[in-house]
Amino acid sequence: MNETCSIATPSTPLVPGEHHPVEEWLRMERMPHIWCPGCGIGTSVNCFTRAVDELGIPHDQIAIVSGIGCTGRVAGYLRLDSFHTTHGRAIPFATGLKLAHPETTVVVYSGDGDLFAIGGNHFIHAARRNVDMTVICVNNFNYGMTGGQVAPTTPEWAAASTTPYGAAEKPFNLPNLAEAAGAVYVARWTVYHVRQLTKAIREAMKKPGFTFVEVIAPCPTLFGRRNRLGDGLAMYESYHTRSVVKNGADTRECALTMDSPIVCGSFVDIERPSYFVTQIGALRRSLGDRYVLPDTWKGVVG
Amino acid sequence: MGADPRGVLTGTHFLDGDHAAAEGALAAGANFSAGYPITPSTEVVERLAVRFPKTGGVFIQMEDELAASIAIQGAVWGGAKAITVTSGPGFSLMMEHLGYGVITETPFVLIDVQRGGPSTGLPTLPGQADMMQARWGSHGDYEIIALAPQSPQECFDLTIKAFNFSEKLRTPVLLMMDECVGHMLERVEIPPAEQIEIEPRRFTDKGPGEQYWPYSLEECEPGGLVPPMTKVGLGHYPHITGLTHDERGYPAMNAAAQTKLVERLIAKIRDRRDEIIILEEDHVDDAEVVVVSYGITARVCHPAVDRARAEGHKVGLLRLITVWPFAGSRIRALAGRVRGFVVPEMNMGQMVREVERAVAGRCPVRHVPNAGGAVHDPDTIYAAIREVCR
Ligand SMILES: Cc1ncc(C[n+]2csc(CCOP(=O)(O)OP(=O)(O)O)c2C)c(N)n1
Ligand code: SF4
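First to last, the protein sequences are chains P and E.
Taking numbering that gives the first Met the number 0, I'd label the letters of the first sequence as residues 0 to 301.
Taking numbering that gives the first Met the number 0, I'd label the letters of the second sequence as residues 0 to 389.
Mixed in with the good hints, there may be bad ones.
[Stated by the list, open to error] Cut-off 20 Å, straight-line C-alpha distance, at most; resulting in silico cross-link-like pairs (SDA-like, lysine to any residue):
1. Lys53/E with His12/E
2. Lys297/P with Gly55/E
3. Lys267/E with Phe325/E
4. Lys53/E with Ile279/P
5. Lys230/E with Pro57/P
[To be verified] Per label pair, the in silico range of CB-to-CB distance:
6. Thr256/P with Ala255/E: 41 to 49 Å
7. Glu196/E with Gly16/P: 53 to 61 Å
8. Tyr290/P with Asp285/E: 56 to 64 Å
[Unchecked claim] Stretch by stretch, here's where chain E covers chain P in the computed footprint (C-beta under 8 Å, at least three residues):
9. 91-97
10. 100-110
Note that these hints are calculated values from the structure, not bench results.
Only a predicted model underlies this, so the values are computations on that prediction, with no experimental measurement involved.
In this text, a Cβ means the ideal position worked out from N, Cα and C, and glycines have one as well.
With the sequences and hints as input, model every part of the structure.
Shown next, in the form of structure tokens:
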């Protein structure tokens, strides 16, 4: 992946006279991006930018944190305070950022391998703590950036470069994992469902506490090709035929196989005091007037 | 700039090194810490967990050291002054994020209270065998600053110094303690806030919406290589990545960008070596044999040096307070005129290699190894001094 910095800036569009509707959210001087034709990551970014646009949160009050991988590159294309951290560690970085600067709406945007293999421990703990952040996971069922290796989400029997004879391990059911760990909002959509996905991101970002959106997306270059699923378009079409919308579904029924229905919808939407509320409550209870609220927490929490 | 009185426990106290380091962090203005418990370092964050809620700081115990060492960096970009602390196995786990801090130029302080290793080794007993890991443990090329206190008082003083270096040079700074200084109780004098010099974070003068690049040298102090910082929420939209980047912070995957970035990261520390290197010399001026040591081990050298001097041997002690960057030029200068060096340290041969490199064969260098678990017996050091004096 040989990146060169292109010369275009937001005021000099790539196609003269034409502006993309979400251009102001993007670092246009970095276009073209590195993603393959037909990759679902770009569509998810489009939905994300539309969601933040609709939410009306000022640009300088959103920070985006990614780990490593093709999805990990999302941070670098968004014109926001953006952090491309280390493999698997976007969530703890985001935790520190949020605790130091609660005014910022913190979004973690990364791949399934990043968030659930190397970063799995951080995910469950952030959900348990109910730290205010939204985690958007682009699940393409494999490791894209490193060449299509098996991931903790690879469906049983699917081929990957390190499971050439078919994956034999049981994959994670991400909505179920998120719910069990304590997330207060859990949704899943495919990149075919652009409107629903946009709405889910909006709802997740609006809700205090730890919220999670799984985005099913094609990696035609690696997962698609190796499993003979056709090109990007064919994979989008299969999401259309395979998906069933079941808002409020029991997350135990959301496991995925190579050909099962893809259960989509918003599954969890509960109320639970967020990290700040429980922390401040506990410290005030013990320390009373001696508790000194951090300067940056004033006016935002408690 | 003087310290914020909220964090300063002015007065005379009886503290162990771990607690003194925590007080040093508070005096330096630290207001964020993420930790993961490991003996013999835990008391540092335990004290911060007690003190921060009363001084407006935030402590969080993370799920592991990987999380702790990156959570503090998130906090720094959120505007905090942050510290984490660990020992042996935890230090190994933090290595990837030491590199992340170096390449992203994120200032923070990381304390390693060293214990015996390798692996789980001797959790409750001292060692000094992470010295090379401190210098080379993260992958790739980098320079690092590391200080080594020999007493609780220095745990306090040098923690402040570590924060000041980290802000000035926009880089992670290490405090290489050991179990002995961590757990020994001594008198610690904490001055009034206004007498504590604090290096404030240097932020960009650019206003919201003005073009700010996180690694542009445009706003550097004259001759300096340290760009000013920003934080989230100021409308500067920095992009921060661990990939090789250009001055805008954007990934640049080519040899020219790598050369430019890595050379600057290294030069910003090497060029200021003289400012960073702090040494303590005792009878070195007229010495024919120089003992080079650091941390708790330097402290046990005194009886050995005194005994040799009482017998008429011209022996001096050079204590490395700054261990990295290494005081090579001072050693080189001494190598031209002394009969030899004696290097006691609590490992099987780490900093001694640096001494040998600087001496370059001009005189003998006698290492006094110790596998850890207990400090040197001064007799062993004395015997080594005698050998070199002969
Ligand atoms: C510590 C560490 N281990 C391994 C890697 C190599 N690596 C880079 S990306 C990646 C997997 C990314 O997969 P995923 O999160 O699913 O993202 P995708 O590329 O599919 O979007 C791996 C293993 C790394 N960068 N760092
Ligand atoms: S390798 Fe796969 S995930 Fe990565 S950009 Fe290409 S299609 Fe997308």
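Each hint, compared with the structure:
| no. | hint | verdict |
| --- | --- | --- |
| 1 | Lys53/E with His12/E | 19 Å, holds |
| 2 | Lys297/P with Gly55/E | 10 Å, holds |
| 3 | Lys267/E with Phe325/E | 15 Å, holds |
| 4 | Lys53/E with Ile279/P | 12 Å, holds |
| 5 | Lys230/E with Pro57/P | 16 Å, holds |
| 6 | Thr256/P with Ala255/E: 41 to 49 Å | 48 Å, holds |
| 7 | Glu196/E with Gly16/P: 53 to 61 Å | 57 Å, holds |
| 8 | Tyr290/P with Asp285/E: 56 to 64 Å | 58 Å, holds |
| 9 | 91-97 | holds (count 7) |
| 10 | 100-110 | holds (count 3) |
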